[in-house]
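Trainee: Sequence:
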Amino acid sequence: MPDPTAVGGPSGDPPDVSGVSVGDLMGRVSRDLSTLMRQELALAQAELKQEARKAGKAAGGFGAAGFAGYMVLLFLSVALWAGLSNVMDSGWAALIVAAVWAVIAAVAFVIGRNNARRTHPTPERTVDTLKQVPDALKGR
738 MPDPTAVGGP SGDPPDVSGV SVGDLMGRVS RDLSTLMRQE LALAQAELKQ EARKAGKAAG
798 GFGAAGFAGY MVLLFLSVAL WAGLSNVMDS GWAALIVAAV WAVIAAVAFV IGRNNARRTH
858 PTPERTVDTL KQVPDALKGR
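According to my numbering, the sequence shown is numbered sequentially starting from 738.
Calculated directly from the structure, the hints in this document are not laboratory data.
Ranges of calculated distance between the beta carbons of each label pair, as one might list FRET restraints: (1) Arg850 x Leu773: 41 to 51 Å; (2) Ala842 x Lys794: 24 to 34 Å; (3) Val757 x Arg790: 38 to 48 Å; (4) Glu777 x Val754: 19 to 29 Å; (5) Thr856 x Leu770: 34 to 44 Å; (6) Gly800 x Ile833: 24 to 34 Å; (7) Gly800 x Thr863: 22 to 32 Å; (8) Ala783 x Phe846: 37 to 47 Å; (9) Asn823 x Pro858: 47 to 57 Å.
We put the beta carbon where it would ideally sit given N, CA and C, even for glycine.
With the hints as constraints, model all of the structure from the sequences given.
Mentor: Below you can see the structure in the form of structure tokens.
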């Protein structure tokens, strides 16, 4: 008996399945779909691992840059404080530098809060697509 899962000849003829039961064919289709889904999942996992590794390296670089930027701002603040203390009392100079940073912090907070209000944590396109899956399986 020829293998009904074998691809047809060079002309692309469909395989001969005349002697195979519908239940056997459905079982084979189910196994093939299961194998395909496992392979797709393994591929997605491999791709995600690779991208996560790249993202981790990028995050490390951003973290180092952020720390370096923090140090620059810290020393510039100390230099501003020292410079202002040449023309006024050291306490007032420190207070002025702190006030400048308080204004910067307030502006950053307002911008961050406004951006947080505009975010939508629900992946709307994915939810819409998943709602369509049952209808697609039913042939609608």
